[in-house]
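J.: Based on the sequences and whatever the hints tell you, model everything.
So the first sequence is numbered by the working numbering: it starts at 5 and just counts up by one.
What the hints contain is simulated information worked out from the structure, not anything from laboratory work.
There's no promise every hint is true.
In silico DMTMM-like links for lysine to aspartate or glutamate, alpha-carbon gap of 20 Å or less [claimed, not checked]: (1) Lys42 - Asp93; (2) Lys67 - Asp87; (3) Lys42 - Asp87; (4) Lys250 - Glu208; (5) Lys42 - Glu22; (6) Lys209 - Asp260; (7) Lys250 - Glu202; (8) Lys245 - Glu202; (9) Lys209 - Glu164; (10) Lys67 - Asp46; (11) Lys250 - Glu206; (12) Lys250 - Glu22; (13) Lys209 - Asp220; (14) Lys129 - Glu139; (15) Lys245 - Asp269; (16) Lys209 - Asp198.
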Amino acid sequence: MAFTLATWNINSVRLRRELVAKFLKLRSPDVLMLQEIKCQNDQFPGKPFARLGYVHQAVHGQKGYHGVAILSRLPLDDVSPRDWCGMGDSRHLAATVTLGGGRVRLHNFYVPAGGDIPDPDANPKFGHKLRFVAEMASLDSRDGGIPAVLAGDLNIAPLENDVWSHRQMLDVVSHTPVETAGLTNALRQGGWVDVMREAVPESEKLYTWWSYRARDWQASDRGRRLDHVWAAPELAAGFRKLEVLKPARGWSGPSDHVPVLATFDLD
DNA sequence: ATGACGGATCTAATCCGA
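T.: Okay, here's the thing in structure tokens:
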């Protein structure tokens, strides 16, 4: 049985609900994980997505900033947000999806951006980001007996070809060595597989985000791979297909991130 | 070196993103 999961930092779900609907109609993933919904739970525009078959919805929002949600065509249970770093912000939501006889644990993450200065003493936001990623290392891909997927906007581009210029990005938050080491440690400690890089060799450029500030995002193509899909080894063994929906960056009124889809064969 | 854009908020200017 095939299972397709998508992740997308939508940068305000109220402003872009029609783009979400367009994407769901275009690709119809089983599950869509959204980040930066930027609204409270009672403001989440769930009805248009339910009409498209995504009747199972878990929302963990907050006012104005951050916020994550999971839309699913298949039943969700054990819905559980976790307050990472004890900050009280909405950056994570877990749920278990059931398909046929199989079950998959889902972890939707929005890792802190970390501010401008890559020094935890001078910049508390960077310290928060480092602590957040350090805490993520405690999340085991095989915990609880249900194989898990961890996906979302991790706000770190760990590999040299996850950024347009490794050399010029070494001091830029999202690609500094201390961040990439932290993320790689979380990947290894949790026993996760970076399935995007199973599909696309590390020697090739791979981006999921292009800044709003470029005059022409496509021409300059100064992207970063900030969005990720990690899977437990038993799920990764059935990994079949990756799609990074780059055309979505050119849609009218776009998010600065594009959807990432991963398809797995279960059993 | 700076600012380029775009979103949310006590709708005006300020904070935030990465």
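J.: Between lysine 209 and aspartate 220, is the straight-line Cα distance small enough, at 20 Å or below?
T.: Roughly 19 Å between the alpha carbons, so the hint for lysine 209 and aspartate 220 holds.
J.: So if I understand the rule, the pair passes when the alpha-carbon distance is 20 Å or less; does lysine 250 with glutamate 202 pass?
T.: 19 Å, holds
J.: Given the hint that lysine 250 pairs with glutamate 208, test it: the Cα-Cα distance must not exceed 20 Å.
T.: 15 Å, holds
J.: Against the 20 Å threshold, does the CA-CA distance of lysine 250 and glutamate 22 hold or violate the hint?
T.: 18 Å, holds
J.: Lysine 209 and aspartate 260: Cα distance at most 20 Å?
T.: Holds, at about 18 Å.
J.: Is the straight-line distance between the alpha-carbon of lysine 67 and that of aspartate 46 20 Å or less?
T.: Since the Cα atoms of lysine 67 and aspartate 46 sit roughly 10 Å apart, the hinted pair holds (cutoff 20 Å).
J.: Does the structure keep lysine 245 and glutamate 202 at a Cα separation of 20 Å or less?
T.: Cα-Cα ~10 Å, so holds.
J.: Can you confirm whether the C-alpha distance between lysine 245 and aspartate 269 stays at or below 20 Å?
T.: Within the cut-off at roughly 10 Å; holds.
J.: Please work out if lysine 250 and glutamate 206 have their alpha carbons no farther apart than 20 Å.
T.: With a Cα-Cα distance of about 18 Å, the restraint between lysine 250 and glutamate 206 holds, given a limit of 20 Å.
J.: Run the distance test for lysine 67 versus aspartate 87: straight-line Cα separation, threshold 20 Å.
T.: This hinted pair holds, its Cα atoms lying about 16 Å apart.
J.: Are the Cα positions of lysine 42 and glutamate 22 separated by 20 Å at most?
T.: 16 Å, holds
J.: Does the structure keep lysine 209 and aspartate 198 at a Cα separation of 20 Å or less?
T.: Holds, at about 15 Å.
In this structure, none of the earlier numbered hints is contradicted; all agree with it.
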